[in-house]
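Knowing the structure of chain D, use the given hints to seat chain B on it.
Keeping their order, the protein sequence lines are chains D and B.
For the first sequence, the positions run 1 to 443 when this note's numbering is used.
For the second sequence, the positions run 1001 to 1443 when this note's numbering is used.
Take the hints with a grain of salt, since some may be wrong.
[What the hints assert, rightly or not] List time: in silico DSSO-like cross-link candidates among lysine-lysine, alpha-carbon distance up to 27 Å:
1) K1145(B) <-> K1206(B)
2) K145(D) <-> K320(D)
3) K1320(B) <-> K54(D)
4) K1060(B) <-> K320(D)
5) K320(D) <-> K1039(B)
6) K145(D) <-> K206(D)
7) K1259(B) <-> K1233(B)
8) K60(D) <-> K1320(B)
9) K1206(B) <-> K1259(B)
Simulated from the structure, these hints should not be mistaken for lab results.
Bear in mind that the values here come from a model prediction, so they are computed numbers and not experimental data.
Residues per chain, in single letters:
There are 2 protein chains.
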Amino acid sequence: MANAESVRLQVFSLNCWGIRYLSKHCSQRYAMLGDMLYKKEHDIVLLQEVWSEKDYLSLKQKLASCHPHSHYFKSGVIGSGLAVFSKHRIHDTFLYRYSLNGYPYMAHHGDWFGGKAVGMAVLSIGSLIANIYVTHLHAEYCRDKDPYLPHRVVQAWELQQFIRHTSAGADLVILGGDLNMHPQDLGNRLLRTSTGLRDSYLETAKFDGCEDGMTLIADNPFISKNEILPFEKGLRIDYILYKGSPKVNIYCDYMCTTKGSVPDHPFPYSDHEALTAELRLETHTPSEAQSDKKLWKHDSAAGKVAELVDIMTEARTEVKVGLHCAERMRYTATRTGVMGLALLFLELAIAAVPYLALGAEQPFPLTSFYMLAGLCFAILLTTFLLYIFKTMELKSLQGAEDQMRLAIGSLQEKLRGFPLAQPHSTQRRPPEGLEPSAFDPEE
Amino acid sequence: MANAESVRLQVFSLNCWGIRYLSKHCSQRYAMLGDMLYKKEHDIVLLQEVWSEKDYLSLKQKLASCHPHSHYFKSGVIGSGLAVFSKHRIHDTFLYRYSLNGYPYMAHHGDWFGGKAVGMAVLSIGSLIANIYVTHLHAEYCRDKDPYLPHRVVQAWELQQFIRHTSAGADLVILGGDLNMHPQDLGNRLLRTSTGLRDSYLETAKFDGCEDGMTLIADNPFISKNEILPFEKGLRIDYILYKGSPKVNIYCDYMCTTKGSVPDHPFPYSDHEALTAELRLETHTPSEAQSDKKLWKHDSAAGKVAELVDIMTEARTEVKVGLHCAERMRYTATRTGVMGLALLFLELAIAAVPYLALGAEQPFPLTSFYMLAGLCFAILLTTFLLYIFKTMELKSLQGAEDQMRLAIGSLQEKLRGFPLAQPHSTQRRPPEGLEPSAFDPEE
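So here's chain D without its partners, still in its complex pose:
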């Protein structure tokens, strides 16, 4: 690669924990963050949980000179909370709202109101087209018994679909955000294997930060021990992922995280740790790249595809669990609704029969009558809304499962086309930046 041109790119990602009036020291933390971003002048800043547009606008004003290009993605009732700031021109943006994102009646968890999504910004970095993605997946409130797991798996499925299908024309792809998934969690494996995205923490030549790259740590004063249980020290759930193209190789030279505090400040930027990755882009002539790619492609493709089929099958199973739960809930809602209706009829009958038959005065105590009628209407309305919501949830889960089944079938078909013996299938490593997705069409 003697002719390769090299470009450096600093990418920053942080879940800002920006709930006005509820998150501790919210405005002070935004001020600290703004100062730091102004000083450090990263090329690309990816923020999550910027729940108030006012905070985005004040950051935008502060960073106008160093990050003249920015976009705030809007979704849901108070979201999406996603924002991008960039030194490089943003040509175009696009937002994909996940079809599943928790439940509105779980208001104390709030995820549904955030309208979780993945935002995309198309940047030009010199002559290169970069697709930058920022996302925030549904939180995990209880690892042992996580009712949101099927939703998060569907979100990861839709995220990989979105990235795979929208990045074909890009020279490089960067995804930053709070995935709310541990490195080896199903959704994370699905995302990385199907898109070919690489984890900057695993790829970096040099790392400075929390142990094991953790981004939610016990040492952070905003974190209570209970939040990270059963893990003592913390979790790694925030990521900067990247991949190149036949035209560009990407290397991660350095990566760092904050460590639960900020020097000369009384508290950290957020309850999450901030991530910074220093990427080096090496552009080269397509002909060089093509030959590199071909060299590798026939060597490990079968292994990748087989791995992806396994992961997808696992994901499908998880979606089926979600389907089962949603069906049960919808059945319960239907039954309760029918009982509410029966109760209403019964009440009306009890009230009407003596009145009609005997012409006597109403014997039913009025207070009880109205209270009971009110209760019946409340039951009917609640179960009706629940039924509608659960039907929509079922449709989305079924839709994801259908898509997974089709994709698995297609990949299995592809596998049948590979020669039987693949002795080096997963041993040889592709040249950096050329990690293809297992979905790449064969030619």
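The following block gives chain B in isolation, referenced to the frame of chain D:
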């Protein structure tokens, strides 16, 4: 193009009007449709308004031998109603649900429950990768005063975004469906100009069908005259659009529509007319294509970009109108909610004061008390739900407007980079199949 290889592709599209028990002769029409599709063996069949999965499954069974590959897209409460049948293998599918799609409280219009979306299927046709899209946009119930216009414009905006961003890796793109927009409607112009998609009705060498390519006609026995007012003969709102790539040129050799009846049958397939387009794909070597493309690109790009800026500005204005209406509705909901709350407090005060002050018996008639309390609760609940829904609508409208503003800015920047004089800018026609989108990045 002496070396060009030629492939023929028959594409069929129909809005099936498939509401079980409500649409007239629904099951008989599906049977007729299945027989015809089995006989005609189109390469790709794109259906809309297949509201029941059972109908999809019975079609799938009937067409198993001629269309072994199919997919049904699920969305919303009863939707999305979109289905694809194909002779060629479907490798992968993806669904984008529009962020705006009417109102749940407009239940008699039903669009919200359909979860309108655009479905994508990635097919391999020989060595070519084809991205096939099927969609159905929000209906237009009153052309003069259309309250859904901003929603449909945002749907058209999201549709063009989705197609543009997901089709970079495709050799050819086909979109079929019921756009619920006339040929010169804002959303239609936006879609065609930004994606470079071509209308098969306008491009076809030979046409056989209704006057002006109409697809909703007065001669169809399922159509009442009122539905198509103020147009006497009918409207053209269903389309098959296509575009090629540097590798493939597409020509439409023949196009036809049904004409309101089906020979030897008592009624037509649907209230919409069915469309069939015969496309010819000519693949050639990339080098040939590249030079063709370059030749054309510098010639008409500025004109295209300027046109797109105008259309987007128009779309932005329409979205702003929608924003204004949604804001007003949200304000009304808030005010009504506050009044409901005040009424409840007033009632409680009237009931409580004499009781507390005088220790006397309750003077408030019990029936009125409970009726009024019930009314207050109903007002509070309704306005609360409306407030939440309107806030989400506002977020989506604002999001679309932000994206449009950014895209317009970026295109204007691009325009500034063009040489001032562009005398031939819109006169010269590009070679078939090479219609680029005005968004194509400059290189």
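Hints, one by one, checked against the model:
A threshold of 27 Å between alpha carbons decides the hint, and for K1145(B) with K1206(B) the separation of about 36 Å lies outside it, so the pair is violated. The suggested pairing of K145(D) with K320(D) holds, with an alpha-carbon distance near 16 Å, which does not exceed 27 Å. For the suggested pair K1320(B) and K54(D), the alpha carbons sit about 20 Å apart, so the restraint of at most 27 Å is met. The straight-line distance between the Cα atoms of K1060(B) and K320(D) is roughly 23 Å, inside the 27 Å bound, and the hint therefore holds.
Among the hinted pairs, K320(D) with K1039(B) is inconsistent with the structure: their alpha-carbon atoms are about 37 Å apart, more than 27 Å. Between K145(D) and K206(D) the alpha-carbon distance is near 36 Å, which puts this suggested pair outside the 27 Å criterion. Taken as a hint, the K1259(B) and K1233(B) pair is honoured in the structure, with Cα atoms around 12 Å apart against an allowance of 27 Å. Distance check on the hinted pair: K60(D) and K1320(B) sit about 23 Å apart at the alpha-carbon level, within 27 Å; holds.
A C-alpha spacing of about 16 Å is found between K1206(B) and K1259(B), which places the hinted pair at or below 27 Å, so the restraint holds.
The structure fails to meet hints 1, 5, 6 from the earlier list, while all remaining hints are met.
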